[in-house]
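Enquirer: The residues making up each chain are set out below.
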Amino acid sequence: MKALVWKDLCVLLKQMRIFIFVILVIAVFNGAFGNVFIVVWAAMMPFTAMAYDERSKWDQLAAMMPYSIRDIVLSKYALGWLCMGAAALFSLATQLVLTILRVPTAALDPVGSLLGLCASACVLAITLPIMFRFGVERGRLVMFLMIFLVCGAAGAVSSIAMDIGDGALHVPPLVIAVLPAAAVILTAVSVPLSMRLYQKRTY
Amino acid sequence: MNAIELSHIHKSFGAFSISDLCLTVPTGTICGLVGENGAGKSTTIRLMMNALRPDSGEARILGVDVNAPEFQAVKEDVGVVLDEAYFPEVLDAAQVGRIMAGTYRRWDDGLYKSYLRRFELPEKKPFKDYSRGMRMKLAIAVALSHSPKLLVLDEATAGLDPIIRDEVLNIFNEFTREEDHSILISSHILSDLEKLCDYIAFLHQGRLLFCDEKDQLLEAYGIFTDSAEQLECLLPEAVVSREENGYGGVRALIRRDLAPAGFQLDRPTIEDIILFTVKGAKEA
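Line by line, the protein sequences give chains C and G. Here our numbering is used: position 119 in the first sequence is 119, and no number is missing along the way. If you want our numbering, it's the position in the second sequence, counting the first as 1, plus 203.
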């Protein structure tokens, strides 16, 4: 599975540069909302990798190699989690620097980033099974749904949270408890479902 | 032990189906899989690698049922080259090597790099900028660099220039010098198969019309080139099929065992046998 994640990271290398640039811009100009948005956006990376796979028909070659269906499916989840984690860390590091530099839009908010991580894990868990069943080409409608979810999730977190003037989001404790649980439950259901759907599509 | 054993495989896709496919490739041999476009060669390869589930029948590779959990480990021993090299186009040969090193336990990076040099493949050039021939060479280099016991090659020599093709065929020949190494190769270039293979399997519209030793095939048939009247002297079942040559004469593929002793026949090529067999099957 490590080889598959490495393959996707190599494929996404160019995308990553643009991604890091966009993260920087959003982090500097859009504080707390940006922190959540970029982490949720990072959850889209597996779809870009899947689009490259489809374009090159990598799946046909992978089926001949010693990868199990579990490896193939889990590698996309792992890629999503890696990108989300890296985006959250990068976002926090940027906000820390901006806070130290006393930039007015700085919003060092670990809780907001954690919520962003959970929201994006939910987005990933909902959309990946559909992509594994229908593929990225036919799953364009799902992409629209996902963009809606990305914006909706970021907007929802922002509206639930209270901005009390320090630039950070203050989220009710119930939401902080529910979102991680939802992410874990959805992921636990999503992974085996994706494996089953991918197997069905392949065979 | 047989390298490949397909027993009564059936797979239907609606309009097209693979029917009652039985194919055996003994260990240590090279089998050429021949058939027109859409005959089912690539489907057969997908079925034998468990990339596609048959409706019925059984497939065993290197003695292991492809549905058994152990088959995952057997894939380490199988090098596959598909009709196109399906690597993501933004990768280069060096990155492909690193990915394969994480994929195959017996990956030999030194061997891989020696193939890259031998095939004159630049390590840092993106795959999308490779020509078709270069792409196929990269796929062949990958297939050979993890010490496989079985090579499965689907149109692997297509797109290669004659010089490289000859070199690649020599590499395949070298590969089978180890007695437990075997190859299944599908190709439209029948002269390549005639040069390389011990066995020829012929698929036509999803059915295996024959799978025989090449030398036996070449001895079993003869080419008749003379007048139509002379051909009429033969038993109808001795004539596989015939074609007019435009000057009142005919050319036909004849079964030697049904022709009278001393009847003048030329040695056929594999291409002759395939083309006349397809014609015969269409006329039947």
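These aren't lab readings, by the way, just hints derived from the structure by calculation. Accuracy of the hints is not assured; some may be wrong.
One-sided excerpt, in silico: chain C residues whose CB lies under 8 Å from chain G [claimed, not checked]:
id, residue
1, 10
2, 11
3, 14
4, 17
5, 51
6, 53
7, 60
8, 63
9, 65
10, 138
Virtual Cβ for every residue (Gly too), placed ideally from N, Cα, C.
Enquirer: Taking the hints in turn, state whether each one holds.
Expert: Structure-based check of each hint:
no.: 1; hint: 10; result: holds (5 Å)
no.: 2; hint: 11; result: holds (5 Å)
no.: 3; hint: 14; result: holds (7 Å)
no.: 4; hint: 17; result: violated (13 Å)
no.: 5; hint: 51; result: violated (10 Å)
no.: 6; hint: 53; result: holds (7 Å)
no.: 7; hint: 60; result: holds (5 Å)
no.: 8; hint: 63; result: holds (4 Å)
no.: 9; hint: 65; result: holds (6 Å)
no.: 10; hint: 138; result: violated (19 Å)
Checked against the numbered hints above, the structure violates hints 4, 5 and 10; every other hint is satisfied.
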